[in-house]
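Please work from the sequences and hints to get the whole structure.
Top line first, the protein sequences correspond to chains P and B.
Our numbering puts the first residue of the first sequence at 6, with every later residue one more than the last.
Our numbering puts the first residue of the second sequence at 175, with every later residue one more than the last.
Simulated from the structure, these hints should not be mistaken for laboratory data.
As the structure is a prediction and not an experimental result, all values here were calculated from the model.
Heads up, a few of these hints could be off.
[Said to hold, decoys possible] Computed beta-carbon distance windows for the label pairs: (1) B/A216 x P/P38: 25 to 31 Å; (2) B/V176 x P/T40: 24 to 30 Å; (3) P/G130 x B/P208: 43 to 49 Å; (4) P/T127 x B/V176: 32 to 38 Å; (5) P/P54 x B/T214: 38 to 44 Å; (6) B/D213 x P/G130: 30 to 36 Å.
From the three backbone atoms N, C-alpha and C, an ideal C-beta is built for every residue, glycine too.
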Amino acid sequence: MTGIMCALAGSGGSPYTGSATVTVGSYTDPSVPYTYWGFTTALGGSVAPATWASTGANFTQLAWFDASVDFVSFVVAGVFPNEGWETMTVGGVPFTRTSANYSTNGTNTVWNWFSFSNPYGTTIGATREVVWS
Amino acid sequence: MVLTIHYPANEAEWYAKGTLEDGTYFEVPAVFNPDGTCDTAATDTAVQQLILALNVKS
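Below you can see the structure in the form of structure tokens.
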């Protein structure tokens with residue numbers, strides 16, 4: 006078995022399954038307006054590890070946005086297909102991949118879920134485990 | 175903003191797929207009528223949600 010095959014076998018066969026811990030940050034932009042809770046590379050919070058499962062891709066957003074539409078956002082750097090994992094669970098709240106809006110602009114890949122309450126909570130510095138299965 | 179969109183022929187296809195003017199490719203779970211055909215108006219609303227979310231700069 007090659008090294009790559011061993012790595013895939015060890016993670017359940019998919020490079021997309023794994024977990025990360027988000028330390029909750031928040032920011033309100035009064036000009037838009039919107040508020041987020043969770044992690045974004047531009048605005049704060051943190052995530053460990055910094056990369057998604059075995060992909061090596063950096064997380065860009067793991068957050069909930071209170072905006073003109075409220076949504077849970079999962080964004081990673083790079084282009085990834087809309088397959089290979091089934092559910093993202095944030096603090097025990099499941100988000101099914103097939104119910105997400107998926108998009109990619111060639112730089113980032115985005116999954117957004119609408120009509121959900123904030124799974125990250127509003128306590129700055131609190132942690133939430135995010136699991137992809 | 176939406177350059178192209180392909181609505182699913184039936185529920186088995188699940189997603190409406192297309193591109194935005196800036197080249198962004200998207201897949202949105204479609205909304206279906208009771209007879210199993212795509213409710214294009216309701217699906218368009220879901221696509222507009224996607225566009226609004228992508229326009230939230232962070």
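Task: Violations among the numbered hints, reported as their numbers in ascending order - done: 6
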